[in-house]
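*Asks:* Chain V is fixed; fit chain P onto it per the hints.
Chains as they are written, first to last, in our numbering: chain V, -1 to 113; chain P, 93 to 206.
Incorrect hints may have been included.
[Claimed, not checked] Below, in silico cross-link-like pairs of lysine to aspartate or glutamate (DMTMM-like), each with a Cα-Cα straight-line distance of 25 Å or less:
| # | chain 1 | residue 1 | chain 2 | residue 2 |
| --- | --- | --- | --- | --- |
| 1 | P | Lys194 | V | Glu56 |
| 2 | P | Lys194 | V | Glu40 |
| 3 | V | Lys69 | P | Asp122 |
| 4 | P | Lys194 | V | Glu13 |
| 5 | V | Lys54 | V | Asp29 |
| 6 | P | Lys194 | V | Asp82 |
| 7 | V | Lys100 | P | Asp122 |
| 8 | V | Lys3 | V | Asp22 |
| 9 | V | Lys3 | P | Asp122 |
| 10 | P | Lys194 | V | Asp29 |
| 11 | P | Lys116 | V | Glu40 |
| 12 | P | Lys194 | P | Asp148 |
| 13 | V | Lys52 | V | Asp22 |
| 14 | V | Lys66 | V | Asp53 |
| 15 | V | Lys100 | P | Glu136 |
| 16 | V | Lys3 | P | Asp149 |
| 17 | V | Lys54 | V | Glu13 |
[Unchecked claim] Cβ-Cβ distance ranges computed for the label pairs, FRET-style:
| # | chain 1 | residue 1 | chain 2 | residue 2 | range |
| --- | --- | --- | --- | --- | --- |
| 18 | V | Ala110 | P | Gly95 | 39 to 45 Å |
| 19 | V | Arg15 | P | Gly95 | 38 to 44 Å |
| 20 | V | Lys66 | P | Asn142 | 40 to 46 Å |
| 21 | P | Val145 | V | Thr43 | 25 to 31 Å |
| 22 | P | Arg114 | V | Thr43 | 17 to 23 Å |
Calculated directly from the structure, the hints in this document are not laboratory data.
Don't be surprised by glycine CBs; every beta carbon is placed ideally from N, CA and C.
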Amino acid sequence: DQQVKQNSPSLSVQEGRISILNCDYTNSMFDYFLWYKKYPAEGPTFLISISSIKDKNEDGRFTVFLNKSAKHLSLHIVPSQPGDSAVYFCAAATNYGGATNKLIFGTGTLLAVQP
Amino acid sequence: DAGVIQSPRHEVTEMGQEVTLRCKPISGHDYLFWYRQTMMRGLELLIYFNNNVPIDDSGMPEDRFSAKMPNASFSTLKIQPSEPRDSAVYFCASSLAQTGSKRYFGPGTRLLVL
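So that you can see chain P by itself, here it is in the shape it has in the complex:
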């Protein structure tokens, strides 16, 4: 079975540009999570969805960040405008209610904002 798919794997952009990260969760999973990894803060939860509905976005750092899940097989995380401090690795993860807190992570998108 395919795991969580993320694109692009790497993104280099200039400050002020819009960045869109994409995620395809594991088929049948009803939870989707967006995480950000930095050296200083480790893995931080940004937002999560249940059955395509955003449940908790308290981790989204600023209004510049937005996330959508238009259907069960696709989600986007958008940063507009991007800033150098947004540089990090962004992970998407999915899970089933039955698997509890176990998350299945994608390979991540490494974002560099110049």
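For reference, chain V alone in the conformation it holds in the complex:
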């Protein structure tokens, strides 16, 4: 039973356009969410996070939106660049992301940005 679901295994977008990656969760106790990016043969790297007290967090070209009632979050990348091509993992935690948390990861979405 996947508590964090990324239902799109892959997404292809043209350079310069918006990429929208989606994530759904089932556990209403989750109150902190993170996105990680992973290039081939490398480990995941932290990208952006959001606490459940917010509905939006922005960092440059990356924005994460949280819809608590729908238990849904999304990552927007605008404009998309070829270097954004990677696997994106959504992760969720409780207790506002304290260090002792188990991060529950989704299965990932492979983003391909076409030049």
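*Replies:* Relative to chain V, chain P alone:
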């Protein structure tokens, strides 16, 4: 600064053999995590340590899996005996209490059990 270091990067072994994966966390980090990545289940937490002490090993799939952290700069994940279904990428990650849920991952060990 060096990131999390894992060895070997690739391991091919035969069913029944012992496999040992190694990890050196970022210096000064007090949390260490072992994850396994598969296509079906994504990234799963196997076990984590705080100040070298195992805190939660509920993700360890079977008794065939064991992990140790003899000191702050080294951890091992051992599979004995290995089985084909253990084939996956195993990641080690470390973090500081101050960084909360942000993990710093190593490059992973790709394990193939034939």
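*Asks:* Hint by hint, note whether the structure agrees.
*Replies:* Verification of the supplied hints:
1. P:Lys194 x V:Glu56: At roughly 17 Å apart (the allowed maximum being 25 Å), V:Glu56 and P:Lys194 satisfy the hint.
2. P:Lys194 x V:Glu40: holds (17 Å)
3. V:Lys69 x P:Asp122: Roughly 32 Å separates the two Cα atoms, so the pair is violated.
4. P:Lys194 x V:Glu13: The hint is violated at about 29 Å.
5. V:Lys54 x V:Asp29: holds (13 Å)
6. P:Lys194 x V:Asp82: holds (20 Å)
7. V:Lys100 x P:Asp122: With Cα atoms ~15 Å apart, V:Lys100 and P:Asp122 stay inside 25 Å; holds.
8. V:Lys3 x V:Asp22: holds (5 Å)
9. V:Lys3 x P:Asp122: Roughly 30 Å between the alpha carbons, so the hint for V:Lys3 and P:Asp122 is violated.
10. P:Lys194 x V:Asp29: holds (14 Å)
11. P:Lys116 x V:Glu40: holds (16 Å)
12. P:Lys194 x P:Asp148: Measuring from Cα to Cα gives roughly 18 Å; hence the hint holds.
13. V:Lys52 x V:Asp22: holds (17 Å)
14. V:Lys66 x V:Asp53: Satisfied, since the Cα-Cα distance of roughly 8 Å is no more than 25 Å.
15. V:Lys100 x P:Glu136: Distance of about 10 Å is within 25 Å: holds.
16. V:Lys3 x P:Asp149: Judged against 25 Å, a Cα distance of about 23 Å means the pair holds.
17. V:Lys54 x V:Glu13: Satisfied, since the Cα-Cα distance of roughly 24 Å is no more than 25 Å.
18. V:Ala110 x P:Gly95: 39 to 45 Å: For V:Ala110 and P:Gly95 the Cβ distance comes to about 26 Å; the hint is violated.
19. V:Arg15 x P:Gly95: 38 to 44 Å: violated (32 Å)
20. V:Lys66 x P:Asn142: 40 to 46 Å: violated (30 Å)
21. P:Val145 x V:Thr43: 25 to 31 Å: holds (27 Å)
22. P:Arg114 x V:Thr43: 17 to 23 Å: holds (21 Å)
The structure fails hints 3, 4, 9, 18, 19, 20 (numbered hints given earlier, in ascending order).
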